[in-house]
Every structure is written in structure tokens, then in C-alpha cells.
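Student: Here is what each chain is made of, one letter per residue.
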Amino acid sequence: MTGSLDMNILTKTVIFLSLALLLNGAPAETIFVTLEKDNALAVVDGESAQLVKTVAIGRRPRGIALSPDYRRLYVAASDDDAIQIIDADSLTVIGTLPSGEDPETFALDPDGERMYVSNEDDNLVTVIDIAEQKALKQIPVGVEPEGIAVSPDRKWVVSASETTNMVHWIDPKTLEVVANTLVDTRPRAATFTSDSKQLWVTAEIAGTMQVLDVDSKQIIKTLTFKIAGVGQEKIQPVGVKVDRVRRWGYVAIGPANRVAVIDAQKLEVEAYLLVGHRVWNLAFSPDQSRLYTTNGVSNDISIIDLKRHKVIKSVAVGRYPWGVAVKP
Amino acid sequence: MRIILTERLKAHIFRSTGATLLAFFLSFPLNVQAADEPTHLPVAYLTKEREAPTALSNLDPVIHDSGIQGARLAIEDNNTTGRFTNQSFTLEEVVVPLEADVVQAFKALAAKGYRHVVARLSAADLVRIQALPEATDLLIYDISTRDDALRGQECSAQVLHLLPSRAMRADALAQYMLKKRWQNWFLVIGPGDNDRLYASALKRAAKRFGMRIGEEKTWTHTFDARRTAQSDVPVFTQGVDYDILVVADEAGLFGEYLAYRTWLPRPVAGTQGLVPTAWHRTHEQWGAVQLQNRFREQAGRWMTEEDYAAWLAVRAIGEAATRTGSVDHSRIKAYLLGDAFAVAGFKGKKLSFRSWNGQLRQPVLLAAARSLVAVAPLEGFLHPKNELDTLGYDEPETKCRLE
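Those protein sequence lines, which keep their order, are chains U and G. Counting from 0, one number per residue, gives the positions in the first sequence under my numbering. Counting from -2, one number per residue, gives the positions in the second sequence under my numbering.
So here's chain U without its partners, still in its complex pose:
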């Protein structure tokens, strides 16, 4: 009995130590950043926080995501009217997906089988079967669809249209819009909480972030942002992320050059972190100990330590960094 207890303690200690090492030391992860103006992909090493290389890809690359097995990168090459499939190790383009015109953002379902693409100029969402590399359907939505997200429980796909000012709720089984929620002016990004109970949506021109209840599809909270010394006209929320345990949420506030830290339980702003100029999009590290931000005007990314809520470094990457994805 005592022996097994000791073993238990030992195991726990080892786990604790390795965890501590993992969390305190810089993680050996790779950060991929699309460079809208350079037609390239920047590759940053998480451990050294250095730009490792820049790889030429399609024209005007914006949205980016990794497959759930981290073996492939998908990049929306907007001016090539395609989603490029890039091998995440060799960084060579190995194929394209028929995304429809001017793809900007897209979302993968949790299994990595389907992709939902916003076609901004055509007011459509294109649904792609990734294995078949084939478009299954184009779903008409509001004017200028942008933010798109799939709920972790696979029940919903939402598309936010910037000029219509709506969130469109798409049933992934029928691929039809079944409900619409009118939100604040110029919705940009949307993300579900990991329990699929809430949808967080940023509104760029209204300067707000709204939390929607997924069951009722109603707005349950509208957050506003006030930063001392920053004019209200600079409050233009874009990227939004919520951590797995719904403890903290983060909103990139564009030209305010800040990331808002939100208490995801109380739905209140807790702090503002100063990052680079015109912060657009956000990505967690796989262990969610860090947050990476793309800063479109200062041409860099900021690295935020989420345990301390401190910006620890910025890394110059190239012109107009837009999207970011992180591979362990």
C-alpha cells in the first residue's frame, strides 16, 4: 500500500515538474502568419520567438487554419480565389480547394472534414468537402459575410455579414440558414465558447462585443470598451477568442492597439494589454498558455503570456500580418 502511494506521489511530482517546465520554458511551437501584402507566409519559432523564414504563397493571403492533426495548413489566397493546402512540415503548396471568389475567412468543422468559406463579394458561404476537394454547396447569406465559426458540438455554423449586420445560423445537416440575429454595426469575427453555449461576436463600427445565447439566439450581453487616453473612434473590435475553460476571453481592438481581457464568467472587461498597431487576429498556443496577435500596421506579432496577462515580446514578420495559426 505504502509503495503504491509513493509511486503515486512520484508520478504526480514528475507530472507536475514536467508541466511546470512546459509552462515556464518557452514552448517549442511554430507560429504561422499570413502576410497580406507580401503574398507570403511567415514562420516564427515559439521557443526563440524569432522569425525563422518567409515562404511565398498565393496572392493576398488572409484567413489561415491548421487541420486538427496539424499536418496541413489552409490559407485563403483571396486574390487567387482559392484556399491553398500547404504541407505544414515542408511548407509547400500541395493543393487547392474550390473556395469561390475572394475567400477571406473560413472555418473548419471539428473533425477537419468540411470547410466553410466566406465569399465576401458574392454574399455566399461556400461549403467544401476537404477530402474530395469539392464544393458541396453555396449558401446565400447577407452582404459581405466575414466572421465564420463552427460550434464545437457540430450543431451550428454561423456566418456574420458586415453590411447586413446579422449573424446567420446555418444548420450543418441541411446547409440552410435557419435563423438570423441582428447584431451591432459591422460584425467582424465570431467564436463559440468550448461548451457551445455562447457565441461571441465583435462589431467593428459599433465598437462592441456581443455575447449571444446559442439556444435562444438572443443577445445576452453587449460589452463596450473604454481605454484611458484612447478616443472612442479607435475602438474597433475585430478578432475574438475564448479559452477552453471559459475563464478568459480576448478581443483585439484594432487601431486602439490593445487586446481586451474579458472575464468570461462575469462578461466584464478586466484589463487592456498594449500590443502592436492595428491588432487584427488572435490565436492561442495549443496549451493556451500564450496568445499570439497579428498587428497589421506595425508589421509584427505580439506574444502575450496568459498566466500573467503580460505582453512579453513582439516579432517583426513582414507586411500586413493578417491571420495566425499555431502548431505544437
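Don't take each hint at face value.
[Claimed, not checked] Pulled a few chain U residues facing chain G out of the computed Cβ check, cut under 8 Å:
id : residue
1  : Thr95
2  : Gln137
3  : Met165
4  : Asn179
By construction, these hints were calculated from the structure, which means they are not laboratory data. No residue lacks a Cβ here, since even glycine has one placed at the ideal position from N, Cα and C.
For this one, chain U is given, so just place chain G on it according to the hints.
Tutor: Frame of chain U; chain G shown alone:
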């Protein structure tokens, strides 16, 4: 879409029938279904043919459909949104021939039940229709004038102005000049009435932002490129020292000849050179590139200021209909003029109407031919309520008295 096509066809018929327009127009059967279809909102577009301006060069094609293309795009956008709100929007396009009377056409639209009229008319025509008893119960969306008088002593509670006034444009320019410390201006004024109005706005802006107009001259030379450019401009600008030449030539008769030909090497701004404008093809920030793309796909050309203003007018109507969940005129009007109203105009800020004169408050672009130089209001120009109100006549200064 079918309805819009019919209306376009009708407008085409009007245009081609020329002088017989009015008789034909007045006898045309009514097809506005507002009374029995509560989710339908009909919008009218009223314009009058204009004499084609003398072409300065062959570089820019003459545009015959400025304004209407923006309205058409916005109707389409409203209907895309309307699919989800069960609202539909149609556009009736009326082009009054050169020699015909715009008042008759306006009265006919009012009689047909139109309550929203997007007007691309001259200041004189606008003043005439806004004073009509038929205008009392409707809203006129002015997408063409820039006159401060129409937003001041001659204002009307029935009119909303979508384009920035001359004062707003001049203030935008002056803010940038102050930032650059180009404070000593050489003001060159063209021969037209509008040029004098533009010059007055520049003088007002100069005073507000601490500029000095060191020299002011009226252009008296020819408008012949060969003569003017090579000999007249250097002589005309000789013997004056200044930071920047500011030109008021709205018709574009000589302003383009000034740059690179002045006696001293100085930049040019105003109606030519660095231009304050509501919209420009160099503008691509804040999602503007999307609007530029959608517009070009539809119209096959760049979007003009009037197209942008018409797009905004129809979008504002659509936004009010969406937010109020209604096509009722009084509800839409109350919402448009209320505090909650905001329309996104691809300029990074909420646009709304000034309660004191119906002017759309908006950022003003400062554009060079191939580069967007700045967007006013510039950083640091503060206002107790809304920084957009650092441009143009603010509430305490307005001469507009809306009943």
C-alpha cells in the same frame, strides 16, 4: 430583381422619349404597392440631365450614370438583407430631360406615393422641390450638392445631405495643412460662382485653423492647355511666396495645369492636387476595397462621390428599415434622425445625420491621384461630442433653423 429591371427599362424609355417625357410619365400607371404590401419599401431616384462638361482631356471617360449606379447597388444590398427580414426594396429611376421641369416630375412621384426620394439635382432645383407642399411628408436625400447655404440659411427639414459640404472639405484640408505646418496659402480662384463658394469655405477654414492666406488671385487666363501651362502659370504665380497653392476650380478648367508649373516649387491642393473628397478610387481601408470591387463589377467603372452618396442614402433607408423592423415612413424618419442611428460607410467610423441641418457626418478623404494621403478628422482635432463635428458647421455655428 425583376421589379428593378422594369424600373430601369422605364427610365430608359423616359430618357429616349426626350421631351415627351412628362406627358408619358404622368399617364404611367401606378405600380407602387406600399399600401397593400407592408414589407415593401419603394424608393425613387430623381435626376435631371446635365450638359456634358467640356472635356479637359481624354483621360477620364465622361460618366452618364453617376449616382444611380450607387443607388442600384444599395437596393440590391438592401434586398439581400431583406431576404432575412422579409422586407423588399425597389427603385424607380426618373431622368428629367434637360429642357423639362423637375418640379413636375417630383410632384408626380409624390402623387404616386413615394416617401423617399434620392435626388441628384442642382442646388437651385433642390431648393425648388424642398419648398413644395408635396415635400412635407417625405424625405429627400441630396446626393449631389455641396453648398453650405442649403445646409444653412436655406435648409429644409425634408432634406438629408449625403455629401460633405464645401466647409467640411475645406476644414479637412486645413487640418492636414496645420499638421504639415503649411500655413501660408496662395489662394487661386476660378471664374465660376461655385469657385467663389469653394474659396469662401477655404477662407473660413483658414481662419478656424490659423492659416494665413498670404495671396489671393482670380484666374483670368485662358483654359487652353498649350498656352496656359507653359507660359501663363509661371507668370501668374511669380512674385509670391507661400507654402502651398490652394485652388478653387470646381469645373476643372485650369486647376490641373498648376502643378509643376508654378514659379516656386510648391504643392497644389483644393479642387485639384490633394483633394478633399467623400470617396476616391485610392481608398481601400476599412473594407472599402469590398465596396469598390462590388461596385466595379456592377457598373464597369470606378465609384464616384455621387455613387457613394446614393449608396449611403439607400443603405441608410435599408438600415433604418432593418433596425425598426418596419417600412413605415415616420418610424424610419425618426430612426434616421435619432441618436441610435449609425450606418457603416467604409471609413472606419459610424456615420449619422447632424440633427441641426440634416448633414451626414463623415470622415473626409484627402486623396492624391494615385494615393490616399490622409483621412480627416486628423488625430488631435478634438470635439466635446463627436470628432467628426470638427468638420463643417457645428451646432452653435449653424444658420439652419429647422422648425
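Student: For which of the previously enumerated hints does the structure constitute a violation, in increasing order of number?
Tutor: Violated hints: 1, 2; rest satisfied.
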